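Chemist: Model the placement of chain Y on the given structure of chain R, informed by the hints.
Take a look at the letters that make up each chain.
Number of protein chains: 2
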Amino acid sequence: MLIVFSVSGGGLVVYSEAKPDNGMNAITSTEAKPHNGMNVISSSETDGKKKRVVVLGTGWAGTSFLKNIKNSSYDIQVISPRNYFAFTPLLPSVTCGTVEPRSIVEPIRNIVRKKNVDVHYWEAECFKIDRDNKKVYCRSNLTTNLDGEEEFVVDYDYLVITVGARANTFNIPGVAENCHFLKEIEDAQRIRRTVIDCFERASLPSLTDEERKKILHFVVIGGGPTGVEFAAELHDYVNEDLVKLYPKAKDFVKITLLEATDHILNMFDKRITVFGEEKFQRDGIDVKTGAMVVKVSDKEISTKEVKNGGNIYSMPYGMAVWSTGIGTRPVIMNFMKQIGQPNRRALATDEWLRVEGCDNIYALGDCATINQRKVVEDICAIFRKADKDNSGTLTVEEFQEVLDDICERYPQVGLYLKEKQMYSLVDLLKDSKGDDVKSVEVNLEEFTLALSQVDSQMKNLPATAQVAAQQGSYLADCFNRMEKCEKNPEGPLRFRGEGRHRFRPFRYKHFGQFAPLGGEQTAAQLPGDFVSIGYSSQWLWYSVYASKLVSWRTRALVISDWGRRFIFGRDSSGI
Amino acid sequence: MLIVFSVSGGGLVVYSEAKPDNGMNAITSTEAKPHNGMNVISSSETDGKKKRVVVLGTGWAGTSFLKNIKNSSYDIQVISPRNYFAFTPLLPSVTCGTVEPRSIVEPIRNIVRKKNVDVHYWEAECFKIDRDNKKVYCRSNLTTNLDGEEEFVVDYDYLVITVGARANTFNIPGVAENCHFLKEIEDAQRIRRTVIDCFERASLPSLTDEERKKILHFVVIGGGPTGVEFAAELHDYVNEDLVKLYPKAKDFVKITLLEATDHILNMFDKRITVFGEEKFQRDGIDVKTGAMVVKVSDKEISTKEVKNGGNIYSMPYGMAVWSTGIGTRPVIMNFMKQIGQPNRRALATDEWLRVEGCDNIYALGDCATINQRKVVEDICAIFRKADKDNSGTLTVEEFQEVLDDICERYPQVGLYLKEKQMYSLVDLLKDSKGDDVKSVEVNLEEFTLALSQVDSQMKNLPATAQVAAQQGSYLADCFNRMEKCEKNPEGPLRFRGEGRHRFRPFRYKHFGQFAPLGGEQTAAQLPGDFVSIGYSSQWLWYSVYASKLVSWRTRALVISDWGRRFIFGRDSSGI
Numbered sequence: 001m002l003i004v005f006s007v008s009g010g011g012l013v014v015y016s017e018a019k020p021d022n023g024m025n026a027i028t029s030t031e032a033k034p035h036n037g038m039n040v041i042s043s044s045e046t047d048g049k050k051k052r053v054v055v056l057g058t059g060w061a062g063t064s065f066l067k068n069i070k071n072s073s074y075d076i077q078v079i080s081p082r083n084y085f086a087f088t089p090l091l092p093s094v095t096c097g098t099v100e101p102r103s104i105v106e107p108i109r110n111i112v113r114k115k116n117v118d119v120h121y122w123e124a125e126c127f128k129i130d131r132d133n134k135k136v137y138c139r140s141n142l143t144t145n146l147d148g149e150e151e152f153v154v155d156y157d158y159l160v161i162t163v164g165a166r167a168n169t170f171n172i173p174g175v176a177e178n179c180h181f182l183k184e185i186e187d188a189q190r191i192r193r194t195v196i197d198c199f200e201r202a203s204l205p206s207l208t209d210e211e212r213k214k215i216l217h218f219v220v221i222g223g224g225p226t227g228v229e230f231a232a233e234l235h236d237y238v239n240e241d242l243v244k245l246y247p248k249a250k251d252f253v254k255i256t257l258l259e260a261t262d263h264i265l266n267m268f269d270k271r272i273t274v275f276g277e278e279k280f281q282r283d284g285i286d287v288k289t290g291a292m293v294v295k296v297s298d299k300e301i302s303t304k305e306v307k308n309g310g311n312i313y314s315m316p317y318g319m320a321v322w323s324t325g326i327g328t329r330p331v332i333m334n335f336m337k338q339i340g341q342p343n344r345r346a347l348a349t350d351e352w353l354r355v356e357g358c359d360n361i362y363a364l365g366d367c368a369t370i371n372q373r374k375v376v377e378d379i380c381a382i383f384r385k386a387d388k389d390n391s392g393t394l395t396v397e398e399f400q401e402v403l404d405d406i407c408e409r410y411p412q413v414g415l416y417l418k419e420k421q422m423y424s425l426v427d428l429l430k431d432s433k434g435d436d437v438k439s440v441e442v443n444l445e446e447f448t449l450a451l452s453q454v455d456s457q458m459k460n461l462p463a464t465a466q467v468a469a470q471q472g473s474y475l476a477d478c479f480n481r482m483e484k485c486e487k488n489p490e491g492p493l494r495f496r497g498e499g500r501h502r503f504r505p506f507r508y509k510h511f512g513q514f515a516p517l518g519g520e521q522t523a524a525q526l527p528g529d530f531v532s533i534g535y536s537s538q539w540l541w542y543s544v545y546a547s548k549l550v551s552w553r554t555r556a557l558v559i560s561d562w563g564r565r566f567i568f569g570r571d572s573s574g575i
Numbered sequence: 001m002l003i004v005f006s007v008s009g010g011g012l013v014v015y016s017e018a019k020p021d022n023g024m025n026a027i028t029s030t031e032a033k034p035h036n037g038m039n040v041i042s043s044s045e046t047d048g049k050k051k052r053v054v055v056l057g058t059g060w061a062g063t064s065f066l067k068n069i070k071n072s073s074y075d076i077q078v079i080s081p082r083n084y085f086a087f088t089p090l091l092p093s094v095t096c097g098t099v100e101p102r103s104i105v106e107p108i109r110n111i112v113r114k115k116n117v118d119v120h121y122w123e124a125e126c127f128k129i130d131r132d133n134k135k136v137y138c139r140s141n142l143t144t145n146l147d148g149e150e151e152f153v154v155d156y157d158y159l160v161i162t163v164g165a166r167a168n169t170f171n172i173p174g175v176a177e178n179c180h181f182l183k184e185i186e187d188a189q190r191i192r193r194t195v196i197d198c199f200e201r202a203s204l205p206s207l208t209d210e211e212r213k214k215i216l217h218f219v220v221i222g223g224g225p226t227g228v229e230f231a232a233e234l235h236d237y238v239n240e241d242l243v244k245l246y247p248k249a250k251d252f253v254k255i256t257l258l259e260a261t262d263h264i265l266n267m268f269d270k271r272i273t274v275f276g277e278e279k280f281q282r283d284g285i286d287v288k289t290g291a292m293v294v295k296v297s298d299k300e301i302s303t304k305e306v307k308n309g310g311n312i313y314s315m316p317y318g319m320a321v322w323s324t325g326i327g328t329r330p331v332i333m334n335f336m337k338q339i340g341q342p343n344r345r346a347l348a349t350d351e352w353l354r355v356e357g358c359d360n361i362y363a364l365g366d367c368a369t370i371n372q373r374k375v376v377e378d379i380c381a382i383f384r385k386a387d388k389d390n391s392g393t394l395t396v397e398e399f400q401e402v403l404d405d406i407c408e409r410y411p412q413v414g415l416y417l418k419e420k421q422m423y424s425l426v427d428l429l430k431d432s433k434g435d436d437v438k439s440v441e442v443n444l445e446e447f448t449l450a451l452s453q454v455d456s457q458m459k460n461l462p463a464t465a466q467v468a469a470q471q472g473s474y475l476a477d478c479f480n481r482m483e484k485c486e487k488n489p490e491g492p493l494r495f496r497g498e499g500r501h502r503f504r505p506f507r508y509k510h511f512g513q514f515a516p517l518g519g520e521q522t523a524a525q526l527p528g529d530f531v532s533i534g535y536s537s538q539w540l541w542y543s544v545y546a547s548k549l550v551s552w553r554t555r556a557l558v559i560s561d562w563g564r565r566f567i568f569g570r571d572s573s574g575i
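So the protein sequences, as listed, match chains R and Y. The first sequence runs 1 to 575 under full-length UniProt numbering. The second sequence runs 1 to 575 under full-length UniProt numbering.
In isolation and in its complexed conformation, chain R is listed as follows:
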């Protein structure tokens, strides 16, 4: 349990404050006002004192933000097409009925209900962000039989964009039409139905064995953690449960995992990759690496060999699941064009999660990437700031004074030192000056040279729930202490300006990652290159996921789902 809680950082905890005064209150306090054919919730209508924060999305980042916001001086409006938070790491379990979909969702209204902050939720999708007028345009995706306005506009003072990403098809023809994805609850439910459909279809008397083989050929595209976990779950489902009900199916069923690179799970330690590949081989899951999908028709998947001449092969399939990477949502694409960030995958933010070139707009989670500022760009500013006496050279004393600020503002410096096994920037300067170690006084030229390599340590954060949840709680913390930090800034020195930054920049803490491999075995890569593979990691996985679930309700349900699966197996009703 010690490990459980040490690993469960970024997890969301349950709130128990009492003050149920939100929900539909929102509506009465912001009365409708038709305006140019659209309803605008304008600033004059809400409490003049409270700053309006609009949160787009109820995924990991958005929900983490909402759970951690405590400052009641905000009027928070949440807009999302899903009125619930879904614990997405368990989605692969949902595809095969190991866990029920409803066990991993929690209504967002329930999450924010007991807070003493005004939070209003509206089930709608934002389709346009207007930076200049500080408005978001929303459209309800609910179909009812009444006219009513489908669209409305919401004004904001602060906008928090957490809309996440969508599956990336890389514009490969036929993928969007013929493949299943694994991003939303509905995707998992659809996959579950389709698996059963394939088995029922293959049982029909009118088919040849050849056709049965085609129908029972399940192809997973993408050897990342999600694809691997789904393939493993499916293999367990087939071999533990479905063979009992469809005994002959064992001879026809085949699971293929396609991966374009040389290995599956290539973001993990080599030991995990090897173990995973060997286990899949033993299980009879056909892992095809170096195979890039180039086309998916309704009957066949065409792959191209990455090496060895690039031959193209085709394979018939019954069901295909696409989990190769994430793409950009249309609303973000439009917004990026508007703010001059075209041709990017995600919104660029600074280290405080503020969207570059926008006032009071924050982006976090899968729809954003932090554009870490390079030292090399600011080298002159840093030098000038450090050189207090304007002597043109930096002394050790001058240097010591700004050292912490540099390391905080530019975390790559710290990483670089660690990499070089040095203790402080002074060592780095000494190192760059070579043998000439007597004087540690450096001029701009020498300073630039010494720091020229540090930016190579910059890395983008992975698009994981862990990152999104940490960003959400970081931003909520900033919002909670906004006024206080305005007066007493706690961030690093502004090298290109005056004073200090209000907040410390966002810093990600990696607590490790799991790769469930089926058969009650899981691979875990924990911080410090600690790797654990096998049954014990599976129990670690159970504990961590149970402890990280969003509420006691979901926790109880997921645990009872696991128990039910042990006792009764997975259900195969086609509903």
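The hints are all genuine.
Computed from the model, here is a short list of chain Y residues facing chain R with C-beta under 8 Å:
(1) TYR84
(2) ARG113
(3) SER560
Don't read these hints as lab results, they were simulated from the structure. These numbers come from a predicted model, not from an experiment. C-beta: ideal position from N, C-alpha, C; glycine also.
Modeler: Same frame as chain R, now just chain Y:
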């Protein structure tokens, strides 16, 4: 618990025999053979010795038949578009999330898996029955991406039709397009999503209060047990769970129950009707009796007063649930035309559940009604059979001999005697001869007169799960003992033929009926006019339903669902 088990007649029990040798075996033993563009599973391909029984449907009647069939000399083929059995009495609970859909279904393959009878299941829908050639035409409703034949033909020796019924719209315009029904699992899931959609939609900032009222107006059409239970469940859901998340909704939400006759629950005892109506009034559920729906548009429901001049009123609504009665499925309609039974609601069968005018075709459950033979039609045959000495008059002795057979063959005679508080048919004859009681010898004319009123006691069986389940187990019992009873018939005398009927006719045992009224209160009408209303009946309801569930898995799940609801309330995520 004593009551529980005494009431649970017709309930299905769990099997534990071992011999898992069916499932996909079916496929290999019946190889595909293209024939006129369709695949025919012809007689030569199956074991020549075994009689092929085709069962259409996996509802109460079909599943009860499958659970009780034990005679391994049949080759049973089950064809149904649903690969599971659904415990339909809990459907109203599913609409509001009190019970999860997956808790009340059990895969049909799981139910038949451990039997030592060959049972093959195919997920397809029968669209044509060919009585003359003993074939059924089936179409798979599964969509996969392979060509494969969508249709196939199955030969049968015995056909058991248990396809059930569909919702009856009475051809009222707009009902099919705009109303929800409550027959299938999918219906209940759709209703659940729509309820949440209505609440989310009503929360949007762009609406007026008037529009909110319209959206949150839920109309239930039909005051039978299903409609009443759904209205009660919805009321509980709104008041126990949704008001917490949508606090202002309480002012807008309204539930209306429309019933064309004078009272709701009119098949129940008067005490239950009165209690139900009063409880609904206290709860604020608007019960409108004597209101016949004449049209449903996408925005309004138009009702006509049955009395008082027949004024027509219209009411706007957000969601409408139609549960007024049952109608005929298309395949049954076509079949009835073919066999000369047009213009009926359901297939007419004799008292042995054999479809009239067909050899070896049985129909049970909601798609069939038993056409009880009238005494008046057979009066001459009965008289001749009883009059052994052909004297033209019946003596008491002659009469005593056939008395039991008459009562068994024509159950209305027994009911009539009970009604008149007489002990035997002799009393009836005496009664009809009035004062002339000295002679109990009667001629045909007097006999006919005496029995002229008995047919008034004939009643159709209600279309309930209880009837269907009893019919299924009755028919399975007949099939189990077919050969034995062929040799030693155990049924009543054939009055219009020679010898005896093979089996006793089907006789329905009524174990009572429940009407849950919400707020942990239920009305129960048990045999012998015993009526119980209130909290105790609710616990009776819990016990009976738990005990009647189809498997230990569903039992455990439903009970844990109930527990979860008590602790955490009902979930309102829009999935």
